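Trainee: Each chain, written out:
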Amino acid sequence: MASVSQTLRPPLVAGDKRPAEVTRDICAALDRRPGAGWWAMFLPAFALLLLGVTAVTYEIATGIGTWGLNRTVGWAFDITNFVFWIGIGHAGTLISAILFLLRQRWRTSVNRSAEAMTIFAVLCAGMFPVIHLGRPWFAYWMLPYPNARGSLWINFRSPLVWDFFAILTYFTISLVFWYVGLIPDLATIRDRTKPGLRRRVLEILSLGWDGSYRTWQRYETVYKLLAGLATPLVISVHTIVSWDFATAVIPGWHTTIFPPYFVAGAIFSGMAMVLTLMTVARKAMGLEDYITVAHIDKMAKVTLATSLMVGLSYLTEFFTAFYSGNQYEEFVFLNRALGPFAWGYWIMLACNVGIPQLFWFRKVRWNPFLVFIVSVFVNIGMWFERFVIIVTSLHRDFLPSSWAGYAPTSIELATLAGSFGLFFTCFLLFCRFVPVIAISEVKGVLSVGRSRQPAGRRPLRSGGATEEASVLG
Amino acid sequence: MSRRTLVTVFDHEDDILGATRAIREAGFRIADVYAPYAVHGLDKAMGLQPSKLPWVCFVLGLVGAALKVWFEFWTTAQDWPINVGGKPWNSLPAFVPVTFEVMVLFAGVSTVFAFFLVSRLWPGKRAVLADPHVTDDRFILIIDQSDAAFDPVKVERLLEPYHVVRVEEREESGEGGAG
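In the order they appear, the protein sequences are chains A and B. Going by our numbering, the letters in the first sequence line up with residues 1 to 473, in that order. Going by our numbering, the letters in the second sequence line up with residues 1 to 179, in that order.
Treat the hints with care, as some may be off.
As the list claims (entries may be wrong) - Taking lysine-lysine and the PhoX-like style, the derived pairs with C-alpha atoms no more than 20 Å apart in a straight line are:
1) A:283 x A:298
2) A:301 x A:363
3) B:44 x A:224
4) A:298 x A:363
5) A:363 x A:283
6) B:125 x A:194
7) B:52 x A:224
Claimed, not checked - Quick list of the computed label-pair ranges, beta carbon to beta carbon:
8) B:123 x A:326: 56 to 62 Å
9) B:123 x A:360: 47 to 53 Å
10) B:59 x A:14: 53 to 59 Å
To be verified - Covered stretches of chain B (in silico footprint by chain A; criterion: 3 or more residues with CB under 8 Å from a CB of chain A, positions within the stretch not fixed):
11) 31 to 42
12) 46 to 58
13) 73 to 79
14) 87 to 95
15) 99 to 108
16) 127 to 138
Keep in mind that the hints were calculated from the coordinates and are not lab data. Fair warning: this is a prediction, and the values are worked out from it, not measured in the lab. Heads up, the beta-carbon is just placed ideally off N, CA and C, and yes, glycines get one too.
Sequences and hints are given; from them, build the entire structure.
Mentor: And the structure:
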């Protein structure tokens, strides 16, 4: 059988782990008290969150005039942040659902944290349209409920209503998907926790999971169904976000390329955010055996591929603008590259198309520090992409007499910082209280369990399963 | 109703797979199998029928979509029609995105609730563990002894190649394993 073993792929988890070691390693971060490193990240994140809360409170109390918006530029920072955060979330669903359906088993090491990232990113995203309403206490008017105004129903022909339903569904399904995947792991932690409050909470959350295989079989079915539902869902969400723009008649927005362009950009930015978080978390939490350099390499490749798609979209947009012969369309694109916001355009191009080309080199992909640096640039670039799309298309419209500039106020900057504070506060709490790696899924991909031989014919083992593991390693 | 069961413990997924298959093929009744993770092929070894949950997903998804299309049509074209940019009252293509989202929402959430229902999982339920390590690294095969065909000698012989870690007899109040 040696020849069969040699043709197998290298193990997904390093260090020849046994299932009990996996439980111990991943739960280690939950057992110990948080160290100085955790506090050093948590306190600044929490401070940013408080800054954001202050800014939003001031904005709600005073009005939307605290932002730099004007009659011409009616959407700017707020909607940029909304699209940025919602895009970040998409990589989580790509990893948890699409890669699951494609049987990419390396996803098991990163799916839990990527899904958590999705939930927190959608949380950040959802905040922006609500505060953008100006009177957020009327946000429930988006719901089609019987009301005393007629009943006057919401307009189901409007992409903004589609968006409301898309984000709500996306958040709910992401949360449910995440929780279902978490139940077996919560039971694992429950069974190693001493009686007390923490155990009681875990008992409630783990729903009495006992590892029965009849339940496992249904669990697998449900997981597959949810993955199958989440896959078209994630594509629909950013498609609908792009329709918020594409159904308008504004040059620079009114294009059919927007849905695929936005979905590719979303996965690109989200993958970069996963890389930013994972390269730090694996080091800080001592999980290098689980999130290996090979995992980072694969995610860097996805980032590179989506970077090329985004680059192609930029080119196509430009080409189409000129080929259309429409002078407004042509002007918008020239204005993007050479107008007052050209700096934003060139930052976007450099960070999204230029810098990620470094991922062609194996030396870069296999160096977590360099991957971290590149991924931060991609995050910056993708934020600017949304800024460029929104502000440069609006600020010089059809009538030169209504042209205007735009500069964010300190309140807007504080709100953006606050959304990062919310995101990182949630993520750090997640690292502290929830197993960051799907324990039960990782156990399923360990090389220890797969001797690839009928059990009856296997020679008797002396020291557990280490022999097979070493053959595969 | 109490029944006698034979609890056998393994610490390797190949062993539980082989043992389960051997016991089932010899005609003994398996009360249940417990595992810390989803072992590929164990459902076939146990002879479990595929779950019917996809039907819940399909039907409830269809119900959600149908209800939503009807609701959008009723609000937009019947209850209070409003002229939006001269679009037709019944703007069916524009109803598609929300219908799709509501379909996914219905299908996903109802599948999960159906899963909790048929698996009898609820918040605060006390887990009765077959072995304290079953959610960590142990695999457990429980064989029903109340079956007339049960033969301890034969079972022992069948399980011999599979590195049984521990065997014990248990008297259960017929709660777990049914269905």
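Trainee: Hints first: check each against the structure and report whether it holds.
Mentor: Okay, the hints, checked on the actual structure:
1. About 18 Å separates the Cα atoms of residue 283 (chain A) and residue 298 (chain A), which keeps this hinted pair within 20 Å; it holds.
2. Between residue 301 (chain A) and residue 363 (chain A), the direct Cα distance comes to roughly 13 Å. Compliance with the 20 Å bound is thereby established for this hinted pair.
3. Between residue 44 (chain B) and residue 224 (chain A), the direct Cα distance comes to roughly 17 Å. Compliance with the 20 Å bound is thereby established for this hinted pair.
4. Restraint check for residue 298 (chain A) and residue 363 (chain A): satisfied, since their Cα atoms lie roughly 13 Å apart, inside the 20 Å limit.
5. This hinted pair checks out: residue 363 (chain A) and residue 283 (chain A) have alpha carbons roughly 19 Å apart, not beyond 20 Å.
6. Between residue 125 (chain B) and residue 194 (chain A) the alpha-carbon distance is near 18 Å, which keeps this suggested pair within the 20 Å criterion.
7. Note on residue 52 (chain B) and residue 224 (chain A): the hinted pairing holds, with a Cα-Cα distance of about 13 Å set against a maximum of 20 Å.
8. Between residue 123 (chain B) and residue 326 (chain A) the Cβ separation comes to about 59 Å, which falls inside the hinted range of 56 to 62 Å.
9. In this structure the hint that residue 123 (chain B) and residue 360 (chain A) lie 47 to 53 Å apart at CB holds, the actual value being about 50 Å.
10. In this structure, residue 59 (chain B) and residue 14 (chain A) break the distance hint of 53 to 59 Å, their C-beta atoms being roughly 45 Å apart.
11. Given a C-beta distance limit of less than 8 Å, the hint that chain A covers the region 31 to 42 of chain B holds, as 10 residues qualify and 3 suffice.
12. Residues of the region 46 to 58 of chain B lying with their CB closer than 8 Å to a CB of chain A number 7, which satisfies the three-residue condition for coverage.
13. For the region 73 to 79 of chain B, the stated coverage by chain A holds: 3 residues have a C-beta nearer than 8 Å to a C-beta of that chain, and at least 3 were required.
14. Closer than 8 Å: that is the beta-carbon criterion, and the region 87 to 95 of chain B has 4 residues meeting it against chain A, so the requirement of 3 holds.
15. Here the region 99 to 108 of chain B counts 7 residues with a CB under 8 Å from a CB of chain A, which clears the bar of 3, and the coverage holds.
16. Counting residues of the region 127 to 138 of chain B whose CB lies closer than 8 Å to any CB of chain A gives 10, so the stated coverage by that chain holds, three being the minimum.
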